[in-house]
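S.K.: Each residue of the sequence shown is one higher than the last, beginning at 1 in the working numbering.
To be clear, the hints were calculated from the coordinates, so they are not data collected in a lab.
Mixed in with the good hints there might be a few duds.
Claimed, not checked - Computed spacing ranges between beta-carbons, pair by pair: (1) P33 / N293: 37 to 45 Å; (2) V111 / K240: 50 to 58 Å; (3) G205 / N259: 52 to 60 Å; (4) N259 / K220: 20 to 28 Å; (5) H172 / L34: 52 to 60 Å.
Said to hold, decoys possible - Cross-link-like lysine-lysine pairs, in silico, DSS-like; alpha carbons within 25 Å at most: (6) K189 / K240; (7) K97 / K135; (8) K157 / K143; (9) K97 / K50; (10) K50 / K177; (11) K177 / K118; (12) K123 / K107; (13) K118 / K220; (14) K295 / K308; (15) K123 / K177; (16) K295 / K53; (17) K143 / K174.
As the structure is a computational prediction, the values presented were derived from the model and not from experiment.
Where is the CB? At the ideal position from N, CA and C, for every residue including glycine.
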Amino acid sequence: MKNEKLKMTKNQLHTPHSTLHTSLNGWLFIDKPLGLTSVQLMGKVRRIIKGDKAGHAGTLDPLASGVLPLAFGEATKLIPCVVGGDKEYVFTVEWGKETDTFDSEGKVTEVSDVMPAKEDIEKIILSFIGRIRQKPPKFSAIKIDGQRAYDMARAGKEPEMPVREVMIYELHLKESKENNATFFVRCSKGTYIRSLAVDIARALGTRGFVAELRRIRVGKISVEDSVSLEALEEAADSGKLDSVLHPLDDRLLDIDSFNVTQHEAGLLKRGVSILIRRHHLVSEGTNMLAQFNNKPVAVVTGERGHWKIVRGLNIV
């Protein structure tokens, strides 16, 4: 599928009152640096490219780096198609201490002299592959009775964290040292790596916390597809932002597309469902992107033999 990337001139990028913020529709895949929250990163990117309507697909803590997809304009309507994908991480667990945040920022709550051997680690992680139950850390963004768990924890309360089921598709040991170990994991949406690290340590008869965390893939989007803030600024300064901006229906998104006729496009834009053609082999609840003349029209879902509109896209 051929897609036209958005073209932006250097003048547009540097004019304070540019109309760019009203016409920018697409994705930036950023390699988030350490020390910034996802919201802070979004603010920096918006200032660089003058983007207005924006959102990020997934969240990374300040102590985590790696892939963070940013959506602009109509692409924000496709964020659910990205955040639902599998994730891949590389993380390092430091043995001997557990903190209240399950990472290096927190206060030490428990200690242990046990330093696990490589052979023991390789055996125990086999029990974590597949569907597992885990309890998110209390310093997380989960809402408990309408409040963020981390707000309650910082206020000295003890939020009752719900146990959830997640899927660990792959988990293997990359490196083992005397006081730490580095792992690779491919997991489902909603998996807390900090909780996984703590549970692995406890299963080994010791205590541990996440010392380093890097997300290397979100769905089909990898760090190789991402750019640093420095590279983004350089592209903006040289008027070559189109070289790093991905189209709204980029091939790396976790959503397939199909073509509709002009009549069908008109129906979808009015919120009217259209028939699923026989050659579209889809299951109930399957989301796809309907396109006319290589331009996205709507996100639709299969329901009772029809394509039902989920979100309309205003692309001219």
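S.K.: It remains to establish, for every hint, whether it holds in the given structure.
M.R.: Hint check:
1. P33 / N293: 37 to 45 Å: holds (39 Å)
2. V111 / K240: 50 to 58 Å: Once the Cβ atoms are compared, 52 Å apart, the range 50 to 58 Å for K240 and V111 holds.
3. G205 / N259: 52 to 60 Å: Given range 52 to 60 Å: holds, Cβ gap about 58 Å.
4. N259 / K220: 20 to 28 Å: holds (21 Å)
5. H172 / L34: 52 to 60 Å: violated (24 Å)
6. K189 / K240: Violated, at about 33 Å.
7. K97 / K135: holds (19 Å)
8. K157 / K143: This hinted pair holds, its Cα atoms lying about 14 Å apart.
9. K97 / K50: At roughly 44 Å apart (the allowed maximum being 25 Å), K50 and K97 break the hint.
10. K50 / K177: Answer violated: K50 to K177 is near 45 Å, above 25 Å.
11. K177 / K118: holds (8 Å)
12. K123 / K107: violated (30 Å)
13. K118 / K220: Cα-Cα ~31 Å, so violated.
14. K295 / K308: holds (18 Å)
15. K123 / K177: holds (16 Å)
16. K295 / K53: holds (20 Å)
17. K143 / K174: Not satisfied, since the Cα-Cα distance of roughly 34 Å exceeds 25 Å.
Against the hints set out earlier in the document, violations occur for numbers 5, 6, 9, 10, 12, 13 and 17.
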